[in-house]
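K.L.:
Residue-level listing of the chains:
4 protein chains.
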Amino acid sequence: MKISSNFDSGNIEVVSLDSTSDIQLNISKDNNSDFYQWFHFKIESTAGEEHQFRILNAKQSAYPDGWQDYKTMASYDRETWFRIDTCYEDGELKFNHIPDFDHVFYAYFVPYSYERHLDLIHKSQLAPDTQLITLGQTIDGRDMFLLQIGQEAEGKKKIWITARQHPGESMAEWYVEGLLERLFDHDDAVSRLLLANAVFYVVPNMNPDGSARGHLRTNAVGTNLNREWLEPSLDKSPEVFYVRQKMLETGVDMFLDIHGDEAIPYNFVAGCEGIKSYDARHQALEETFKAAYAAATPEFQDVHGYDKDEPGQALPTVGAAWVGEQFKCLSYTVEMPFKDHNDAPDAFYGWNDVRSAKFGADVLTAILAVVKKLR
Amino acid sequence: MKISSNFDSGNIEVVSLDSTSDIQLNISKDNNSDFYQWFHFKIESTAGEEHQFRILNAKQSAYPDGWQDYKTMASYDRETWFRIDTCYEDGELKFNHIPDFDHVFYAYFVPYSYERHLDLIHKSQLAPDTQLITLGQTIDGRDMFLLQIGQEAEGKKKIWITARQHPGESMAEWYVEGLLERLFDHDDAVSRLLLANAVFYVVPNMNPDGSARGHLRTNAVGTNLNREWLEPSLDKSPEVFYVRQKMLETGVDMFLDIHGDEAIPYNFVAGCEGIKSYDARHQALEETFKAAYAAATPEFQDVHGYDKDEPGQALPTVGAAWVGEQFKCLSYTVEMPFKDHNDAPDAFYGWNDVRSAKFGADVLTAILAVVKKLR
Amino acid sequence: MKISSNFDSGNIEVVSLDSTSDIQLNISKDNNSDFYQWFHFKIESTAGEEHQFRILNAKQSAYPDGWQDYKTMASYDRETWFRIDTCYEDGELKFNHIPDFDHVFYAYFVPYSYERHLDLIHKSQLAPDTQLITLGQTIDGRDMFLLQIGQEAEGKKKIWITARQHPGESMAEWYVEGLLERLFDHDDAVSRLLLANAVFYVVPNMNPDGSARGHLRTNAVGTNLNREWLEPSLDKSPEVFYVRQKMLETGVDMFLDIHGDEAIPYNFVAGCEGIKSYDARHQALEETFKAAYAAATPEFQDVHGYDKDEPGQALPTVGAAWVGEQFKCLSYTVEMPFKDHNDAPDAFYGWNDVRSAKFGADVLTAILAVVKKLR
Amino acid sequence: MKISSNFDSGNIEVVSLDSTSDIQLNISKDNNSDFYQWFHFKIESTAGEEHQFRILNAKQSAYPDGWQDYKTMASYDRETWFRIDTCYEDGELKFNHIPDFDHVFYAYFVPYSYERHLDLIHKSQLAPDTQLITLGQTIDGRDMFLLQIGQEAEGKKKIWITARQHPGESMAEWYVEGLLERLFDHDDAVSRLLLANAVFYVVPNMNPDGSARGHLRTNAVGTNLNREWLEPSLDKSPEVFYVRQKMLETGVDMFLDIHGDEAIPYNFVAGCEGIKSYDARHQALEETFKAAYAAATPEFQDVHGYDKDEPGQALPTVGAAWVGEQFKCLSYTVEMPFKDHNDAPDAFYGWNDVRSAKFGADVLTAILAVVKKLR
Ligand SMILES: [Ca+2]
Ligand SMILES: [Ca+2]
Ligand SMILES: [Ca+2]
Ligand SMILES: [Ca+2]
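Protein chains in written order, with my numbering: chain P, 1 to 375; chain H, 1 to 375; chain V, 1 to 375; chain Z, 1 to 375.
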């Protein structure tokens with residue numbers, strides 16, 4: 001029996017491998033940080049035998065509530081990921097599995113590797129009217145990629161989409177992959193109409209260092225990027241620094257920042273009701289967008305989500321809040337579950353990569369509903 | 001230079017092939033009928049040379065207004081179909097083309113062959129909870145196929161979908177192909193939720209004889225099936241006879257009958273405002289459905305379409321009217337264009353097979369919006 | 001319970017459908033002929049129940065020896081075909097089957113439809129240096145298609161390939177499909193080298209009428225085309241007339257005529273040892289070709305096959321013999337089994353469409369071995 | 001203008017980026033070694049402008065003769081790689097390129113990433129009768145993977161295939177990918193017959209550390225693995241240590257070690273004529289194998305290659321020599337070019353990933369020719 005995690009976004013520490021009936025593991029902290037919750041490892045053992053796993057330090061993880069009702073994802077071929085019965089008790093995350101093959105990958109969610117990221121980015125530059133721009137470099141020396149889709153023109157809206165500030169929220173990049181694929185589909189009327197009215201600026205991965213390192217929440221030096229938007233620095237948060245700089249250059253008429261939420265078993269959005277400039281017009285736009293998204297897919301809902309901010313009480317360091325205030329524009333954090341979307345649950349797969357991609361494609365329908373009203 | 005049409009849904013008569021600059025053609029009438037408008041033929045000639053086509057009898061066709069702003073479809077490989085500049089003048093349909101290859105197919109719309117129909121039908125029987133049922137036989141001896149998707153259960157709604165009563169409206173079967181593909185997609189939340197609440201009864205082709213024969217509007221003996229729903233007969237309209245019989249057996253809670261319209265360059269639906277039992281509840285359902293379809297895709301709209309029937313003046317022989325009255329249920333004729341959907345036009349392809357399939361997939365979102373309110 | 005065969009290449013007559021335990025069938029004769037052996041039909045019945053089939057007139061079929069050790073092919077989706085245990089006794093072909101789905105197709109071999117033929121032909125015209133030529137028309141009015149691949153040039157050899165003179169030998173067209181796909185593959189060194197040294201003239205279907213009609217051996221008027229090469233006529237054998245005419249125009253340096261054999265469970269070739277001009281040079285070419293084909297794939301062998309002709313005793317009316325004599329060139333009939341290739345048997349699928357296509361692709365390796373020696 | 005190489009197998013050092021007309025680069029040495037020749041980097045600049053590249057330290061690279069007639073590979077999407085005109089003069093490798101897109105990857109050969117390696121390995125474990133075994137760990141902590149395909153049984157031959165001891169020879173892993181895909185294809189007669197007669201032990205990547213690091217020739221600590229087979233050590237060459245250990249356990253009846261050669265523009269093999277135990281039987285096997293490979297594909301030849309070893313003068317530390325001597329078995333080093341295979345050259349792509357995969361698939365035909373004679 002052998003456990004490995006020395007691959008893209010791998011994260012686990014072995015405490016004890018003495019027995020298949022008691023495999024003891026810990027999740028490693030993000031570098032220079034106390035956050036942890038993302039795990040991704042492979043076991044090599046014997047197909048057909050029961051294996052009992054315990055993640056001992058689950059209780060001290062970033063969001064222990066996230067373990068409640070969570071089911072571990074597993075894959076034999078790194079392509080199809082399914083769910084394993086899991087329970088959270090005594091502060092530990094426990095799951096048993098009788099694998100069909102000797103090698104099994106387990107992960108907090110379907111991983112999205114840096115190699116796939118590079119493939120997505122560079123394949124995209126071949127699309128019509130699309131430019132791939134490097135804004136700068138991360139602390140580990142990776143490129144911060146921006147895709148500009150559509151040609152700027154008088155009257156066209158500027159729609160910014162960023163994903164995966166929190167690197168363990170890999171669903172965010174699956175979402176963007178689905179969104180891009182649809183946007184590039186000439187036969188899709190939504191995409192044709194959107195590109196006639198808007199230019200898209202898409203950052204598929206805001207945190208490539210944290211992603212490759214197997215972090216949950218921070219970049220290479222332990223910074224939570226989504227608290228850096230007021231005063232990002234090249235030292236601690238170059239990722240935000242460069243994107244914010246480019247936003248100030250292009251302007252922003254709408255912003256979606258794509259995330260995953262550890263606890264809530266629903267897709268939802270968190271808006272700008274707490275920013276200072278929030279007004280009736282902004283609220284009306286929000287309502288239109290949410291209604292349109294709900295009409296486009298039952299994977300979206302607006303009942304369950306975060307508590308609303310009190311007026312003026314939004315955290316100004318958060319991406320969506322900063323953009324909303326700075327550009328006086330529709331600005332949302334989009335949240336997807338690590339568990340399932342309970343309005344349309346799927347016991348076998350739960351929320352996964354395929355549904356994330358569809359959900360990202362469907363957001364274009366909602367954007368089309370507001371694009372002409374953004375200014 | 002040679003013209004052929006001896007293949008599935010072929011239809012043309014050559015008047016003169018004396019010169020590439022004056023190719024004179026007529027469309028053949030449906031058997032035992034005066035209807036004609038569907039054409040589908042191949043020319044074998046010389047790539048790189050200009051060919052000038054005239055369809056001489058365009059003026060006497062079923063819907064001469066359909067030729068206004070219509071653009072002929074063409075294909076070299078029978079898979080990708082594009083549009084050719086076309087004009088309707090002096091009662092003739094005229095188009096010039098400098099083909100890239102020696103053999104070119106031209107058609108009124110992207111054909112959907114009987115072989116593809118058989119593939120679709122039988123591949124579908126492998127889907128979970130799906131039954132393929134033969135209701136009876138057409139006059140030419142083809143099977144009338146019904147797909148039942150989902151298991152009948154207390155409280156589940158019965159949703160019937162039929163397509164291509166008018167065989168030249170091939171977009172109707174592309175629509176059903178897209179609808180079925182989505183309905184069978186386990187990762188699609190709309191489909192999972194629908195199948196939890198409804199059973200689908202789908203007739204992908206109501207008129208296989210007319211389709212294979214290259215008819216526009218009628219079956220093998222010249223019957224317009226969509227005028228037969230009050231009193232179908234095994235002699236003249238077995239297709240309707242068998243489907244109607246099965247509907248009476250299963251009951252119907254919602255009905256969509258998929259068509260193409262020769263003249264109007266928009267997707268739209270025609271409802272039941274003219275049937276006797278039409279009431280506020282029926283109207284509310286219609287409004288909900290239409291709003292949901294429009295919210296799902298800009299390929300649907302409700303501004304352009306047929307004139308509304310006066311109360312009680314619906315033709316009771318029409319499928320959607322008969323079903324609406326008989327079962328007191330939501331019942332629509334869905335119409336797609338032969339030209340383009342002018343709310344999201346595409347100069348190169350116009351309305352086509354791919355967009356029809358997407359539009360059929362998108363209707364499931366609209367059905368989900370009403371499924372619980374149908375009774 | 002219902003049996004149908006009214007589709008492309010359908011062939012069956014129902015004698016009795018009284019009981020699932022005794023389904024009695026006959027195969028229909030080719031039009032205007034006594035040949036029969038090809039069958040292709042669909043049963044609609046009940047999944048999970050045993051069905052016992054008898055083909056009563058198997059004994060009088062063209063090749064009753066073909067039924068020995070033959071296993072019927074079956075498919076639920078018209079794409080994947082597998083084998084059913086079958087026996088030939090008391091002059092009847094008998095097979096039992098407990099189908100997994102309600103609708104099952106049975107056929108003598110995997111069918112290749114006219115629609116697929118048209119797709120293959122027209123898609124091929126898009127390949128580089130490829131011309132699609134119509135040589136003339138069949139008696140039912142179908143086109144006789146020739147694909148010319150490669151540009152004629154001084155020193156290039158002319159390689160002719162025809163398939164399916166006998167329409168029930170559908171493996172012959174699967175073979176050509178595989179051959180063409182490889183020939184069009186730029187990354188394949190064999191194909192690149194061949195096209196530098198030869199022009200291919202390919203007739204994927206010599207008998208489209210018989211194919212669509214569900215014939216075993218003859219064209220629309222009952223002519224066995226492979227006995228017409230000395231004196232074909234526009235009345236009885238236009239298919240041969242046109243191809244032969246074109247051969248005389250282009251010249252032929254090598255010829256392969258692709259067939260299926262009902263009895264012998266092996267792939268093999270039948271050569272020209274019986275033609276008058278056969279000499280040591282011709283024999284050496286034959287040996288080189290056969291050795292190269294055997295080296296390319298274990299699906300070829302040269303142990304089992306037809307008895308050799310005595311010198312000068314070849315039937316001069318047969319395609320391969322006529323071409324061999326007329327053009328003094330390497331000329332082969334290629335035979336594939338309806339059963340299996342016993343040197344590499346597969347109990348579940350037997351010989352099938354996929355293996356036929358691979359075998360057709362592999363022949364290019366053997367042709368490359370002789371191409372420079374052909375003249 | 002910006003150059004990056006911080007991705008899987010990246011390797012370049014920028015000397016000067018002052019001008020698009022004089023981009024000066026160096027290749028980095030393998031860690032702890034003087035070997036270098038592999039390069040892989042991306043430039044971000046302006047499409048449509050000419051860029052002139054110079055690799056300044058080409059002359060001191062491992063195989064300066066390799067640059068003669070070499071053409072640099074380039075890709076916009078990381079999937080399709082084509083060749084760029086290149087020259088070697090004044091001890092520098094020079095190439096000019098006017099890219100079609102802003103971002104261009106250049107590499108010595110089509111890269112094969114560690115992520116793709118993990119996908120290949122784990123997808124393979126799902127194949128019938130296939131086991132994925134980890135033999136041990138590399139110095140950087142990666143797994144040494146072995147695929148065992150087929151079940152061991154009395155009389156079955158043990159065929160070992162290893163690839164990419166030299167990590168910059170990425171064609172070796174493309175070769176194995178093609179070989180495995182064919183071996184898993186049930187419709188392929190060669191594969192069915194081979195698996196009835198042999199068990200395959202395949203190590204798709206002997207040097208995963210060097211591969212990920214962008215090395216040419218050595219592992220993480222600078223060891224040339226193909227000189228370690230007499231006395232491998234866990235310190236310097238654990239990769240060879242573990243594989244050799246397993247070979248001694250299973251026995252070996254045939255061995256292929258897959259490589260690329262920098263200089264020779266042909267595919268070829270290097271055999272065991274220089275090992276002590278070489279005899280007529282071994283030679284006969286070699287001749288049979290080479291003849292079979294040449295018969296299977298024109299991508300193989302036996303005219304060009306390395307000089308033959310004098311009897312007894314084989315380097316005993318080389319993998320193929322050690323295996324040949326140890327197990328008295330057929331044992332080959334297979335070499336593919338970085339340039340092109342000049343017997344079937346392709347000016348646009350040269351030798352590439354697709355052809356490597358086909359060449360790997362074709363070797364199975366050659367193995368089948370000897371499998372029963374191996375002992
Ligand atoms: Ca988050
Ligand atoms: Ca209609
Ligand atoms: Ca034959
Ligand atoms: Ca080497």
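These are computed hints drawn from the structure, not numbers from a lab. Do not rely on the hints blindly, as some may be mistaken.
Copies of the same chain are indistinguishable here, so a pair counts whether it falls within one copy or spans any two.
[Unchecked claim] Simulated crosslink set (DSSO-like; lysine-lysine; CA at most 30 angstroms straight-line):
1) K123 with K71
2) K372 with K94
3) K328 with K156
4) K308 with K2
5) K372 with K59
6) K123 with K2
7) K123 with K94
8) K276 with K156
9) K236 with K290
10) K290 with K372
11) K328 with K59
12) K246 with K2
13) K123 with K308
14) K290 with K328
15) K373 with K290
16) K2 with K71
17) K2 with K236
18) K328 with K94
19) K2 with K373
20) K94 with K2
21) K373 with K71
22) K59 with K156
K.L.:
If the cutoff is 30 angstroms on CA atoms, where do K308 and K2 land: within, between, both or neither? Let me know, please.
P.N.:
Neither, since 46 angstroms and 44 angstroms both go past 30 angstroms.
K.L.:
My question is about K123 and K308: at a cut-off of 30 angstroms on alpha-carbon distance, are they close within one copy, between copies, both, or neither?
P.N.:
neither (39 angstroms within a copy, 45 angstroms between copies)
K.L.:
Check K246 against K2 for me: Cα-Cα at most 30 angstroms, and say if that holds within a copy, between copies, both or neither.
P.N.:
So K246 and K2 pass the 30 angstroms test across copies only (18 angstroms; inside, 46 angstroms).
K.L.:
Within a copy, between copies, both or neither: where do K328 and K94 come within 30 angstroms Cα-Cα?
P.N.:
Classified as neither: same-chain Cα gap 46 angstroms, cross-chain 52 angstroms, threshold 30 angstroms.
K.L.:
At 30 angstroms max between alpha carbons, let me know whether K290 reaches K372 within a copy, between copies, both or neither.
P.N.:
both (16 angstroms within a copy, 22 angstroms between copies)
K.L.:
With identical chains treated as interchangeable, where does the CA-CA distance between K290 and K328 reach 30 angstroms or less: within a copy, between copies, both, or neither?
P.N.:
within (18 angstroms within a copy, 33 angstroms between copies)
K.L.:
From the Cα coordinates, with 30 angstroms as the cut-off, is the pair K236 and K290 best called within, between, both, or neither?
P.N.:
neither (34 angstroms within a copy, 51 angstroms between copies)
K.L.:
Checking an output row: K373 and K290, CA cutoff 30 angstroms. Within, between, both or neither?
P.N.:
Both ways: K373 and K290 sit 14 angstroms apart in one copy and 22 angstroms across, limit 30 angstroms.
K.L.:
Within a copy, between copies, both or neither: which one fits K276 and K156 at a CA-CA cutoff of 30 angstroms?
P.N.:
within (26 angstroms within a copy, 49 angstroms between copies)
K.L.:
Within a copy, between copies, both or neither: which one fits K2 and K373 at a CA-CA cutoff of 30 angstroms?
P.N.:
Answer is neither; intra-copy 57 angstroms and inter-copy 39 angstroms both fail.
K.L.:
For the identical chains here, do K94 and K2 meet the 30 angstroms Cα criterion within one copy, between copies, both, or neither?
P.N.:
within (18 angstroms within a copy, 48 angstroms between copies)
K.L.:
State whether the alpha carbon distance between K123 and K94 is at most 30 angstroms within one copy, between copies, both, or neither.
P.N.:
Result: close only across copies, 27 angstroms inter versus 40 angstroms intra.
Against the hints set out earlier in the document, violations occur for numbers 2, 4, 5, 9, 11, 13, 18, 19, 21 and 22.
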